[in-house]
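Heads up: the protein sequence lines correspond to chains A and B, in order. Residues in the first sequence are numbered consecutively from 26, following the working numbering. Residues in the second sequence are numbered consecutively from 26, following the working numbering.
Keep in mind that the hints are not guaranteed to be accurate.
Pairs count within a copy or across copies, as identical chains cannot be separated in the list.
As the list claims (entries may be wrong) - No more than 35 Å apart at the CA atoms, straight line, and that leaves these computed lysine-lysine pairs for DSBU-like:
1. K307 <-> K80
2. K380 <-> K102
3. K184 <-> K270
4. K270 <-> K307
Quick caveat, the hints were computed from the structure, so don't treat them as lab data.
For reference, the chains in residue letters:
2 protein chains.
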Amino acid sequence: MGGIDQVNETRLAPAVANEGNTVENRDSVTKNIPTDAIINLDHGDPTMYEAFWEKMGDRCTVEIKGCDSLSYFSNPKNPCWFLEPKLEEAIRSLHGAVGNAVTDGYSIVVGTGSSHLVNAVLYALTSNHQPNQISVVSAAPYYSAYPEIADLVRSGLYKWAGDARQFDKDEPYIELVTSPNNPNGVIQGSVVNRDGGILVHDLAYYWPQYTPITSSLEFNIMLFTASKCTGHAGSRIGWALVKDKEVAKRMIKFMEVTTIGVSKESQLRVANILQFIADGCKQFGSPQGDNFFEFGQSLMKKRWQILREILKENQMFTIPKYPLDQHCNFFGDITNAHPAFAWMKCKEEIEDCEKLLRGHQILARSGRRFGSDPGFVRVSMVGREDEFNLFIDRLSKIQSFNNGDEKDKANASGNLV
Amino acid sequence: MGGIDQVNETRLAPAVANEGNTVENRDSVTKNIPTDAIINLDHGDPTMYEAFWEKMGDRCTVEIKGCDSLSYFSNPKNPCWFLEPKLEEAIRSLHGAVGNAVTDGYSIVVGTGSSHLVNAVLYALTSNHQPNQISVVSAAPYYSAYPEIADLVRSGLYKWAGDARQFDKDEPYIELVTSPNNPNGVIQGSVVNRDGGILVHDLAYYWPQYTPITSSLEFNIMLFTASKCTGHAGSRIGWALVKDKEVAKRMIKFMEVTTIGVSKESQLRVANILQFIADGCKQFGSPQGDNFFEFGQSLMKKRWQILREILKENQMFTIPKYPLDQHCNFFGDITNAHPAFAWMKCKEEIEDCEKLLRGHQILARSGRRFGSDPGFVRVSMVGREDEFNLFIDRLSKIQSFNNGDEKDKANASGNLV
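So here's chain A without its partners, still in its complex pose (with noise of 0.2 Å):
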């Protein structure tokens, strides 16, 4: 999961409110925003591909009739009952074709979107044998929905316990490993290594267009999830790669007590295009542009050189600095990082980095949420090309403290929206 994100009633709010210049209308505001519409980049809503599946037109239309996929089951032989052999297929085709994880030998179960494998593999580790409450940590900044998921209904086999690198209990925990990390794109591996942890890791951003992919990794837990990887948020496809197949069984008994298993119609449809791609990956540099991260990877090196650009200009926002020049095994090219999200932070004495860009009609997550400074903010960089172009734009025009009107202005701006 990592970065799928949670949509709030406090974040969403102020993007609907105000009729006029908001987001009210995400296909209007897009495609054609009004210079003063609030632009909301809060969530990490991975529009920016539309492009490219726009361009690919009917190549990966489906097709459900009224008769297709009634029954509650996809394959009876299989313990993940209502998983579609298709996808089965399509994700280990693409997980081959990539390079970024292995999946002989492993267990894969479906989900409504690697949220729902996140509570699933939650239930799974603790359901069996644990009398008292599991600690659940991931090392700060972590994805701000952790611990919403974790103490959603304070449930009595497991309950948030904050920062990875603070918890110093001698007891068993699970680690929340985001690699690359939501929200600062950084890679990283486990941080509190003990005796009795156990690892889940969540790769929703392991994928060539947003950093090198350098090894197969084979983890116990992989959590991945069509969102980032592909750009259809609105299916709710995820999956996990799960080593031992009694937590596998546990994973698939939640699914089947939450939600009696995953839509078929989006499994069959997330199953095509992950096989479109897995295609498409066979062929570099091909005048159709039918390899998918090339088109990801190329848009995310524009936007970050333009971001880059910007935030040298102004000198007001630093952002984390990444390993330069690696090896990818996939473009088998030395590559850079080109996370999902900027995180930033503001260089003077602002406090508040949220508000400070809320001032400016630009919605951001604030560093509190990752359980980090609220003078950081993080910042989608996968919308829609025209929103990206007003970020740049309003980003050039945030003036430099020195004169103390952006500082007034961030600390006034709760009340602009």
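Following the hints, position chain B against chain A.
For chain B alone, kept in the frame of chain A given last:
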């Protein structure tokens, strides 16, 4: 929900373990079932409707392009921002055409099947102000999934407290009222009726093919699902009609944290299906047979006639008595109940009715699972035609217990599959 049937390992396993004569591949089995095959009537898999949808051919086909529905958002103006406007419209249109529920003044919350909505409603009704776990009750025999849903992650907000008729605590509670009831098809109201109780009406089966529609209901929280209404169980689309906007908001919050919304493809497809059915409702007795509920009612009526004849002949089981000849507002005529399940009780000394049927290669769900007696069993009436015929054929061969044979068989049959 009511009749959405949990698939659990122990139930599924026998149906897939015994190669050659099993339900290993539902298509091959049910379209051409070997006569010694195990038939699985444990789940309420509503495949009987396939015949109707096949006849409709391409009239309900949806086409989804690669570039469609990428965003998380369906309609940011709606508090339920992930609900497709077309689905909302179709839901209101269908309830209007059928006259089974009032929708004016209600918020609609969509879920990944109505199990998801039961999970959401428990959260929504308990997360706001309760220091203690709230008891969740339902009148036995109750839907077998309720206890599993309520206790899955040992929530500190709510807990399963069993049969509503036995509930005698003087404290707040949630009562799940399933009507027509799963498993026994009975029309029922709340039974606790004390201060501090909140009712949730699970109306999965309140459609004209199953029961006379005697009034347009307007309870505070009403749950429905495409599975049992249209037969599209694979789509995992359920909806709640919710009077209190704050309760709706908290249900939406639950959907956000657990699955970040609901599959767009399924919503768009089910929107098409519901609208098609609503339009077809205007015609009765049309030669094209476009009225879905006429098809459904006619098939259910036929099956129940056949079942009653067989049960009369072999004198071994009793089934509930339903009120006769009620006026159905939808058909504008006198109709009878034809529940989605047969709730059968062995007449004589057999203690375990499920075992008895298993000995005859029929998988059904034990009364024990519904908080009732193992002398009862729930058998799906909504499977494919050849499955139903095989069930009737086998039922007709079960001989009277008088000679003791069946009793011995029932006691031994645990080892047969």
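Original post:
At most 35 Å between C-alpha atoms: does K307 with K80 qualify within a copy, between copies, both, or neither?
Top reply: Classified as within; 19 Å inside a copy, 42 Å across copies.
Subject >> Copy assignment of K270 with K307, given that the CA separation must stay at most 35 Å >> reply: This pair counts as within: shortest intra-copy Cα distance 32 Å, inter-copy 51 Å.
**OP:** Have a look at K184 and K270 and pick one of within, between, both or neither, based on CA distance no larger than 35 Å.
**Re:** Classified as both; 24 Å inside a copy, 29 Å across copies.
Original post:
At most 35 Å between C-alpha atoms: does K380 with K102 qualify within a copy, between copies, both, or neither?
Top reply: between (53 Å within a copy, 23 Å between copies)
The structure meets every hint from the earlier list without exception.
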